[in-house]
Amino acid sequence: MTPNIAVVRIETPHWRSIPLWIPLFLLWIPVILLSPILLLVIVGLSIAGRVDPLRALSVIWGIVCSLPGTNVRVTSEGTKVVVRIL
Amino acid sequence: MNENRRQILEMLAAGKITADEAERLLSALEPDSTVSARTYAHTSTGSSGNGSQDSNVKAHAKYLRVLVEADPSMTGMKGPTTVNVRVPMKLLRAGVRLASLIPPQAHEQLDEALSRHGVPLTLSQIKPENLEELIDHLEDLTVDVDGKDGNNTKVRVFCE
Numbered sequence: 001m002t003p004n005i006a007v008v009r010i011e012t013p014h015w016r017s018i019p020l021w022i023p024l025f026l027l028w029i030p031v032i033l034l035s036p037i038l039l040l041v042i043v044g045l046s047i048a049g050r051v052d053p054l055r056a057l058s059v060i061w062g063i064v065c066s067l068p069g070t071n072v073r074v075t076s077e078g079t080k081v082v083v084r085i086l
Numbered sequence: 001m002n003e004n005r006r007q008i009l010e011m012l013a014a015g016k017i018t019a020d021e022a023e024r025l026l027s028a029l030e031p032d033s034t035v036s037a038r039t040y041a042h043t044s045t046g047s048s049g050n051g052s053q054d055s056n057v058k059a060h061a062k063y064l065r066v067l068v069e070a071d072p073s074m075t076g077m078k079g080p081t082t083v084n085v086r087v088p089m090k091l092l093r094a095g096v097r098l099a100s101l102i103p104p105q106a107h108e109q110l111d112e113a114l115s116r117h118g119v120p121l122t123l124s125q126i127k128p129e130n131l132e133e134l135i136d137h138l139e140d141l142t143v144d145v146d147g148k149d150g151n152n153t154k155v156r157v158f159c160e
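From first to last, the protein sequence lines are chains A and B.
Numbering-wise, the first sequence is residues 1 to 86 according to UniProt numbering.
Numbering-wise, the second sequence is residues 1 to 160 according to UniProt numbering.
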């Protein structure tokens with residue numbers, strides 16, 4: 001499943017943000033619109049690198065689909081940043 | 001009674017598993033357990049039932065977790081900096097497949113560069129199956145690094 005939502009939360013000692021839900025699925029709109037150009041670029045680069053374009057596409061797709069579940073949390077000097085991909 | 005519980009009790013009644021094994025299987029059915037009862041049942045069926053198959057039961061790790069607690073002397077910050085990253089194992093599997101996209105003409109150069117840095121590796125000999133095996137073994141990996149000489153930096157890498 002492709003990532004649908006990214007949740008970003010920032011906390012400082014004086015201020016705490018509400019979790020920001022970023023709808024990643026909306027990115028599909030520009031991606032679909034740009035897909036002919038993106039496909040041409042990927043196929044062109046694959047041919048230049050003598051790599052099977054289908055394999056390249058499957059690897060890229062695999063990485064995109066594996067992103068949900070990623071969680072990054074960084075805390076420093078009382079400031080906390082949390083990024084979750086759902 | 002749900003289907004799994006009934007299956008376990010039937011296996012116990014049929015003498016395929018011992019009472020101890022049935023107990024472990026039933027506890028594996030608890031919601032927070034990571035051990036698959038079905039896997040256990042599969043490995044138990046047809047065995048002598050002496051409990052030696054515990055080694056066969058292995059919950060597959062879903063995430064690789066990296067925890068870093070950096071000492072303020074390293075970061076220049078006032079307090080400790082902590083980084084907690086959870087990466088799905090699926091992402092690691094997909095990531096290692098990137099190696100298959102390295103153009104063949106670059107393999108020699110990479111091999112040379114790696115061996116110059118003390119890593120005698122031949123990239124062309126790494127097959128997708130090897131990468132899968134690598135990720136499987138990564139599930140057993142735990143790395144704990146503690147700083148020394150007053151440096152309190154700690155790094156932990158493990159699968160969960």
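Quick caveat, the hints were computed from the structure, so don't treat them as lab data.
Honestly, I wouldn't trust all of these hints.
Said to hold, decoys possible - Which residues of chain A face chain B? A partial, calculated answer using Cβ under 10 Å:
#1 E11
#2 R55
#3 V74
#4 T75
Note that the structure is a prediction, hence the values are computed from the model and not measured.
Ideal placement from N, C-alpha and C gives every residue a C-beta, glycine not left out.
A quick look at each hint next to the structure:
1. E11: With a closest approach of 13 Å, the E11 of chain A hint is violated.
2. R55: 6 Å, holds
3. V74: For V74 of chain A, the interface hint holds, since the closest Cβ of chain B sits about 5 Å away, which is under 10 Å.
4. T75: Cβ of T75 of chain A sits 5 Å from chain B, so the hint holds.
When the structure is compared with the earlier hints, a violation turns up for hint 1 alone.
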